[in-house]
Structure formats: structure tokens, C-alpha cells
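One-letter residues, chain by chain:
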Amino acid sequence: MTYSPNIIGFACQWCTYAGADLAGNLRCKYPPTVKLIKVPCSGRVEPEHVLEALARGADGVLIGGCHYGDCHYKEGNYKTSRRMTVLKKLIEDSGHDPRRFRLEWISGAEGKKFAEVMDEFTKELAELGPNPVKGGN
Amino acid sequence: MKKVEINPITRLEGHGKIAIFLDDAGNVDDAFFQTVEFRGYEKFLQGMPIEEVPRTVSTICGVCRAVHFTASMKASDGVYGVTPPSAGRKLRELFFNAHYVEDHAVILYALGFPDFVVGPEASPAVRNVVGLIQAVGADVGKLVLRKRGLAVKIFEMLGGKPNHPVAALPGGWSRRLAESERAQIEEWCKELVELGELTLQVFDDVVLKNPKYMELVTGDMYKVEVGYMGSVDEQGRIAYYDGVQKVIDVDGNPVGSFTGKGYLDFISERVLPWSYLKFPYQKKLGGWDGIKDGPGTNLYAVGPLARFNIASGMDTPKAQAHFERFHATFGAKPVHYILAYHWARAIELLNAAEKCLELSRDPEITSADTWTKPTSCPGEGVGIIEAPRGTLIHHYVTDDKGIVQNANLIVATTHNNGPINLAVKKAARHFIINGNVAEGMLNYVEMAFRPYDLCLACATHAVTGGGTPIEVDIHDHHGHVIRTLRNF
Amino acid sequence: MAEKIKFAFLLAGGCAGCEMALVDLSEKLVDALEHLEVVFWAPTVADVKYKDLEAMPDGFIDLAFVDGMIRNSENEHMVKVLRAKSKVLVAFGACATLGGIAALGDLHTKAELFDQAYKHTFSTDNPEGVWPQPQCLFEGKYDLTLPSFTSRCATIDQLVDVDYYVGGCPPHHDFVAAAVTAIVTGNLPPKGSWLTSGKAVCDVCKRNPALSDQQRLPVGEVIRTVEGRPDETKCLLQQGYVCFGPVTQGDCNASCLNVNIPCRGCGGPMPGVNDFGARSVTAIASSLKDDATAEKLVNKYNDMAKLVYRYSFSAGTLGKKQRPGSQA
Chain A
0 MTYSPNIIGF
10 ACQWCTYAGA
20 DLAGNLRCKY
30 PPTVKLIKVP
40 CSGRVEPEHV
50 LEALARGADG
60 VLIGGCHYGD
70 CHYKEGNYKT
80 SRRMTVLKKL
90 IEDSGHDPRR
100 FRLEWISGAE
110 GKKFAEVMDE
120 FTKELAELGP
130 NPVKGGN
Chain B
0 MKKVEINPIT
10 RLEGHGKIAI
20 FLDDAGNVDD
30 AFFQTVEFRG
40 YEKFLQGMPI
50 EEVPRTVSTI
60 CGVCRAVHFT
70 ASMKASDGVY
80 GVTPPSAGRK
90 LRELFFNAHY
100 VEDHAVILYA
110 LGFPDFVVGP
120 EASPAVRNVV
130 GLIQAVGADV
140 GKLVLRKRGL
150 AVKIFEMLGG
160 KPNHPVAALP
170 GGWSRRLAES
180 ERAQIEEWCK
190 ELVELGELTL
200 QVFDDVVLKN
210 PKYMELVTGD
220 MYKVEVGYMG
230 SVDEQGRIAY
240 YDGVQKVIDV
250 DGNPVGSFTG
260 KGYLDFISER
270 VLPWSYLKFP
280 YQKKLGGWDG
290 IKDGPGTNLY
300 AVGPLARFNI
310 ASGMDTPKAQ
320 AHFERFHATF
330 GAKPVHYILA
340 YHWARAIELL
350 NAAEKCLELS
360 RDPEITSADT
370 WTKPTSCPGE
380 GVGIIEAPRG
390 TLIHHYVTDD
400 KGIVQNANLI
410 VATTHNNGPI
420 NLAVKKAARH
430 FIINGNVAEG
440 MLNYVEMAFR
450 PYDLCLACAT
460 HAVTGGGTPI
470 EVDIHDHHGH
480 VIRTLRNF
Chain C
0 MAEKIKFAFL
10 LAGGCAGCEM
20 ALVDLSEKLV
30 DALEHLEVVF
40 WAPTVADVKY
50 KDLEAMPDGF
60 IDLAFVDGMI
70 RNSENEHMVK
80 VLRAKSKVLV
90 AFGACATLGG
100 IAALGDLHTK
110 AELFDQAYKH
120 TFSTDNPEGV
130 WPQPQCLFEG
140 KYDLTLPSFT
150 SRCATIDQLV
160 DVDYYVGGCP
170 PHHDFVAAAV
180 TAIVTGNLPP
190 KGSWLTSGKA
200 VCDVCKRNPA
210 LSDQQRLPVG
220 EVIRTVEGRP
230 DETKCLLQQG
240 YVCFGPVTQG
250 DCNASCLNVN
260 IPCRGCGGPM
270 PGVNDFGARS
280 VTAIASSLKD
290 DATAEKLVNK
300 YNDMAKLVYR
310 YSFSAGTLGK
320 KQRPGSQA
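Chains as they are written, first to last, in numbering that gives the first Met the number 0: chain A, 0 to 136; chain B, 0 to 487; chain C, 0 to 327.
None of these hints come from the bench; they were simulated from the model. Glycine included, every Cβ here is placed at the ideal spot set by N, Cα and C. One should not assume that every hint holds.
Claimed, not checked - Distance condition first, Cα-Cα at most 20 Å in a straight line; then the derived SDA-like pairs of lysine to any residue:
1) B:Lys1 <-> C:Lys140
2) A:Lys78 <-> C:Ser286
3) C:Lys50 <-> B:Ala121
4) C:Lys5 <-> B:Lys372
5) B:Lys283 <-> C:Thr123
6) C:Lys5 <-> B:Lys400
7) B:Lys282 <-> C:Gly128
8) B:Lys152 <-> C:Leu24
9) C:Lys109 <-> A:Lys78
10) C:Lys299 <-> A:Pro97
11) B:Lys141 <-> C:Lys27
12) B:Lys372 <-> C:Ile222
13) B:Lys372 <-> C:Lys299
14) A:Lys87 <-> C:Lys288
15) C:Lys118 <-> B:Gly289
16) B:Lys400 <-> C:Arg223
17) B:Lys372 <-> C:Glu231
18) C:Lys140 <-> B:Glu4
Stated by the list, open to error - Simulated restraints, written as ranges between beta carbons of each label pair:
19) B:Asp204 <-> C:Val129: 44 to 50 Å
20) B:Arg145 <-> C:Leu210: 49 to 55 Å
21) B:Val125 <-> C:Gly139: 39 to 45 Å
22) C:Leu187 <-> B:Gly218: 48 to 54 Å
23) A:Gly128 <-> C:Pro56: 49 to 55 Å
24) C:Pro56 <-> B:His326: 50 to 56 Å
Whole structure, please, built from the sequences with the hints as guidance.
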């Protein structure tokens, strides 16, 4: 039985969200699995938001931000990176598959990359199966 | 059969109940002491850095507030292959002896004495520390609590917090004492010695001089005949922080001695389906043989009475005098009368207080050299101490970075599980006759476990880690074992 | 003379250290007892049994403290009973409010915990693989029961309504005295609040750089306490030690810092923080200089869940859910 992974994506409004828009304009194909939440900066995303998404049954969680040097607020994405290094290990140590969580740098010009990332993430999650928090409860 | 349950048992640390089965005539067929709690510590310690373990395992028990901390701290020395400098060790000992004073005081005044001061059959509403304070008067109550509180102050000054201390380091102690602090501690220690003497006076007035209570103390209904285990120093005197574990059988004959990992040659633990607590026995005396006392038993007890039975004396003068009086009173050794635990406990309180005073006067105690920094990580350590309730063993295996891979804990009250069951059975058979299960009679049954000063949170910390233990005996063609290999 | 407040203290799944915090009031306890009538304190101090509590009328108890988390069916039942019998219920200490250290057991399955205790230990002799049972007919005639292990640890408020929260492992007895006074005099915040000064451990720590007008700088090193003696005057976080001071309530007056040991968060989360572990990740990781330092943290301290959720796993976002693969 196949399932359609449910991905929550936190997209920084300056880069990744614009990149997602561009993917649409370019008619890039990618599976309709991600629900985007626009944030002013990837640095706004708390570890708690990611954990909440997983706890509520999201099969995958993605944070998309600007490349180093491009952050609208200068340092936000650096802090994101350090936090998420620790968070990824925290997710693993809490008994969840860390591959369900991704941090990606996608600029406003990278519409194609956005689509590719979504495609790849969806395929990986399809193989991993649904979030165990949902099943068996 | 009719079942009567005492649920929960009270005036102890932790969760337990006693199930008493009555035959048709209303007399006791059998009684069971069941431990009902379980948490799982050794499993979840895996993956933690070893230096984080002492403050973590401390929360196994908040009454035994220093013991897991101290035993695991000693084990962490082994993990890193370091020995604390002399001042570091003395700080640990001062801290640990202060704990002995405050802990034994709580057990005596709050948990044990109410049965004697207020009376074993008094109403439950007053048969507790509040009733005890009312009986002796607020002034005496405040005096005892204040002096005990000074031990907690010493504990906090050294350990960081008044409960669940944090100042452990593999190889020593995380802080040094200033001279002003040392002088303050010395003054407080004088009062701790006074508390010890007062406590023995109370015991003398309330129990030893009361013939009705002495009937209980020397009666068969509170007599449990098992072996004993405890720690002694090079002169055979009781040692709390560090020593050699000595084991004797029910008649007082030596079974052997061990330190460190040698515990595995002596102790096996049986599992029964009606208690979360396991049942240790001395495997050198034979395999599991059920819960029985008397000649041939391989069950054994730990704690103050056990220590008094295995040791030849105590290492401070005032306590030593009481130790001698104790043994002169009972005559034969080992002493199997379990209410004597309370007396031994009171004498240990004085002993620990005298030790605190001695250590507070040691010029080295304010040295800055409190820690030996580790330079490598051999990865295994066993820490054994005499907790107030008895022998406590912490055994850790780590990787070469000191991250815990495996843990094994054998805790004081666990060793006593068999003896406590025996005590409860005996008392039940004696006091519950012809169906009389009045509250006061049930309390007499509970008085059978209280001398052991139970700590069931400690005892059921839980899950001991580790792979499948394998032991291989290699026999020669005559059938003699020529070599034994084991992976533990 | 005002009527005494009917007081109860129940130990759920914890270690009784919080009850000792009351005993540590020492002489002040005798004074407090002039205003308090202890009607139930089990199993630690008083002989009033569970059946006696169940027989009390609802709302009979004016003030009840619970210490310990919900770890088995007995804890579940007795906490519900206590809630019904009490006008005011206080979740007392780290376990009752957040799950406590024993909640880390939820990072493993029940089967793992039981198998290790009762089968795989070095010194265990269990040839038939016996497990403690919720019910057994021992030797064919003795009907013996045990409470069953719950599928996960729970905080008190995940089971019943809680009126006030007190953090600490255990709360310092000076703070307990202040809390008891506040309760007895009715000087309390709205129901559902933590009793706390609201200041972080950093705010009360003598090592705070702000006290000497210094700035906090990004931290380029991560150290374990076993690796070196810290500078006694400087902030531990600034020196590379992992310290949860910024996120933790400081009613303890920074006890651990006074002995050169970092804070591990027992005082409870700062007001407004829902998930202590998650917020600690932010606070600590954001203060690190670069990705390489974040990697060092992960490598050196190894298990992040057991580090940041040391006291608070049951109250954490993932901890509230059953672990994937657990038996229901």
C-alpha cells in the first residue's frame, strides 16, 4: 500500500518561498506533498516547531533558507544551521528517523532546485514509510 | 483463603505493600512483602557521559540523597583510571558522613521512633513525626530538627544543593573549601555530635529502659536469622565511604571478602513474579533455595545491624563505647534481633558525626588540590559504598570517551528483600491470631520492615544493562575445572 | 485561632526528595505545622492508607502536594483520587511538573526496560525468564497483584487539573518555605501558574557577564566537566560548558554554579517556554560560533535527548506521545 507523504515546509519569505513561487512559474513538476509555512527567516523556526510537526504526524519536515551570506537579517541562517545540527541529533536520539528532517538552502532564483528537493524528499519518505507516531496509536 | 492487604506500607521510602493470607481459623498461612514500583535507570543511563551520571542517579532516591551519587562517583574514578588526591577524598568523606547524620536522623525520628515514642498501637493520626513532636514538645522537636539541619547545611555547602548534589568529578571534587567555611563546619559538627548523643539518650530512655519494648527487641517475633554483609577498614572497623566487603553466614562464619568487580562471585539475584524487586542470595552458599532463614540459609542482610555483626569495632571513641555496650547487651554474635537495627543506626549517627568533626579539623580539608584530571579512559569502574541502608554497588562500562555503554546497580534494600519477607511473615504469624486484623496489629507487622529502613525507589531503580552473561568452564579429562572464561 | 489547613502529600512515581525538602525546613517545619494538619502523607511519613484517602469526602483536603511522575497504574489511580479529595492540588518538583529524570525511561520500550532488569543483568539468576506480573496465583494458592507499568510516563497535569506548579529537583527548602507561606497567606498568582520568581538562573548567577559589564561572545569550544577546571569567576557557557541557565527558572539561586557545575534545568522552563528541551537547543546552539562547534557539542555529549530533556521529557513535544514502537 502506498501512501502520500505529508511534508511540512518552513520557507523563508526572502529566498525559499520565492523559489517555490518560481518553481510554479516555471511549471516545474514535483509531487503535491509539501505544505509551506512562510516565515520571515529560517532563523525564526524554533526546534519546537519541527518537533510539533513530527508529533502531529508529519511524515517529513523541511526548513528552507537563504545561502550563507544572503540572509536578509545577516546572521539568521547561520544560527539556523547550528540549531538544526543539534536538533537533527535530538530527533534521532528521541527515537525518530532523522532523515525525516531536512535543512536546505534554496534561493529565490532556484525554482528548479526547489522542485528537485521536494521530489527527492518525497521519494525518500515514501520509502521510509509513514511517521510511526500515526500508525499503531 | 482470605487476603488482607496493607497498602501502602508507610513510614519508609518508596512504594510497597504486604499481602497476608489467613486460613479458615483466621491465622496466618503466609505473608508477602511486595515492592510495587519500577523505573528503569540503568537502561536509560546508556549513552550519557559518565560524569553526568552521579547527579542523574542521585534521583533514584531523595531520602538516600548522597548514596548513588557517591557510589557512581567512585565508579567514575575507575572508568577514568584516576585516584582523587587526598584532599578530594576527604571532602567526599566529610560530605558523605554529613549525609549519614541527617539520613539516620530522619529514619529514626520521622520513620522509626514514632512506633516507640507515640506507641505501636496509637492512632495513625498521631503515630508519625508530627505526633512525635507533640509528644516530646515543640522545643525538643525544634532542637532535633535544627541540629539535623546543620548536617544538611554541610551537605549543601560541599555538594552544591541540599538534595541531589552535583559537585562530583571523576578524580575528585569540583570545589575547594575556604577556611571560613571550614571553621563554620567545625562549629556545626560539634552540634552534630550532640545530636548523636541526644539520639542515643532518647533510645535509651524510650526503648532500652522500657521492659515492654525490650520484650519486642529480644523476642522471637522480630528475629530473622540470615547471613550478613558490610564494609570494614584494615582494622576490621566499620567503614562507610571505602573499605573491603566482608560476608558472614548465619552462624557468623566467614564466607569471604571482595572489592570491586569481585561482587559477581558472591551475589546472584532471583526474580519472582509477585514483586518488582529481585531476591539476592549468596551463591557461594548454594543455589536459590527459597525464602527461608535459620541454618543453611543463603540469604543475607545489609545495613547497620549487618555492619555491627561483621565488624570488630568503630573508628571513633564515643561510638566505640556504644558499640561495646550494644554487643554486651545481646551477648552472642551475630545479633539477629532486627529491632536492634534502630539502636545500631543511632550509634552510627554518632560515629558519622564524630567523623565529620575529625575531618573538619583536618588541615588538608581546605587544600586547593581537590581533583586529579583524567588523562585516559580505560572504560570500566565499580564503586562500592556502605550507604546508611547497606551495601551499594554501582558498576559502569563506558567507551573510550567515557560514554556509558552498560550499567549494573545492586542496591542496599535489594539485598534485604529476602530478610524483609521473613521478618514480615514472622511478625504476621505472631500478631495476627484468630482473625484479629485490627489496625494496631497490622502496624506490628509493618514494624517488622521499618528497622531495615527501606528504600524501595533505590531498590527498584531498575533495569540493569548488559549483554547475555556467558561463563564457560573448561574441564580436563578427569572432570576437573581447569579454567573458567567469562565475559563479565 | 484560625482553623488549620488540611494538608496532604502523595508520592507518585518519584524519589521522595521533594518531601525531604519539607523536612529540610527543619525548625521552620514545627512552625509550619501550627498551621497545617497533616491528614495524609503516604507512603513516606504517616500511616493513613490509600483506603482512608478514598473514604474521605470530596474536597475534604484544603491543600495537596504531589511529588513524582505517573509511572504505573497505582500512581494513576491515587493521583485521580487525590485530585477529587482536594481543593487545591500542587504539582511539586521536577517529576510532577515535567516528568523528571525517570521519564528518560520513555526513550526505550517497556520490553527493553523489563528484559534488561529481569533477564540480562550480570548477576540475575532467572532460568525461566520470569517477569513480575500484574497478577499471579503463586504456588497455586496465593493471589498476588502488582500495579502495571504504564505505556509512558506522564506529568500530573497530563492526568488531572493542576492548580500550581513548583519546579526543582527538589525545590530548595528556602523556596519551599516561601511557597508554603504564599499558599497559607493566599498570596498567589492565577491558578495554573508556576510558583516562581520568574528569573532565569543566569539572572541570579554570580558569573553572569553582565554583572561586570561584559558582553557575551560567540562560543567556539565545547567542554565536558571532566576536561578541565573552569575559571571560577566566568560564565560557564562562555567557557564552553553546556549550561541551561538561560532557559531555567532560578529559584535555586544558581546552586550548581556555586560549585562550578553547570545547570541542567531542574528548576523548570522560563515562563512562556512550552518545550524546555527544544528551547535549550535554541539557546545553546545559537550561542555557538559556527557549525563545527555545533558538531563538537553533538559528538562530545553524545545523546542530545538525554541531555536537553534531562528533567522534562514527559512534558516535551515528542515525549507527550508514545514512542514509536512502544507497546500500547
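Hint check results:
1. B:Lys1 <-> C:Lys140: holds, 11 Å
2. A:Lys78 <-> C:Ser286: This hinted pair holds, its Cα atoms lying about 8 Å apart.
3. C:Lys50 <-> B:Ala121: Roughly 19 Å between the alpha carbons, so the hint for Lys50 (chain C) and Ala121 (chain B) holds.
4. C:Lys5 <-> B:Lys372: Violated, at roughly 53 Å.
5. B:Lys283 <-> C:Thr123: holds, 15 Å
6. C:Lys5 <-> B:Lys400: Since the Cα atoms of Lys5 (chain C) and Lys400 (chain B) sit roughly 52 Å apart, the hinted pair is violated (cutoff 20 Å).
7. B:Lys282 <-> C:Gly128: Holds, at about 19 Å.
8. B:Lys152 <-> C:Leu24: Answer holds: Lys152 (chain B) to Leu24 (chain C) is near 11 Å, not above 20 Å.
9. C:Lys109 <-> A:Lys78: violated, 37 Å
10. C:Lys299 <-> A:Pro97: Given pair Lys299 (chain C), Pro97 (chain A) holds - Cα atoms ~19 Å apart, limit 20 Å.
11. B:Lys141 <-> C:Lys27: holds, 8 Å
12. B:Lys372 <-> C:Ile222: With Cα atoms ~14 Å apart, Lys372 (chain B) and Ile222 (chain C) stay inside 20 Å; holds.
13. B:Lys372 <-> C:Lys299: Holds, at about 17 Å.
14. A:Lys87 <-> C:Lys288: At roughly 18 Å apart (the allowed maximum being 20 Å), Lys288 (chain C) and Lys87 (chain A) satisfy the hint.
15. C:Lys118 <-> B:Gly289: The hint holds at about 19 Å.
16. B:Lys400 <-> C:Arg223: holds, 11 Å
17. B:Lys372 <-> C:Glu231: Holds. Lys372 (chain B) to Glu231 (chain C) sits at ~17 Å (cutoff 20 Å).
18. C:Lys140 <-> B:Glu4: Since the Cα atoms of Lys140 (chain C) and Glu4 (chain B) sit roughly 16 Å apart, the hinted pair holds (cutoff 20 Å).
19. B:Asp204 <-> C:Val129: 44 to 50 Å: holds, 48 Å
20. B:Arg145 <-> C:Leu210: 49 to 55 Å: violated, 34 Å
21. B:Val125 <-> C:Gly139: 39 to 45 Å: holds, 42 Å
22. C:Leu187 <-> B:Gly218: 48 to 54 Å: holds, 52 Å
23. A:Gly128 <-> C:Pro56: 49 to 55 Å: holds, 53 Å
24. C:Pro56 <-> B:His326: 50 to 56 Å: holds, 53 Å
The earlier numbered hints that this structure contradicts are 4, 6, 9 and 20.
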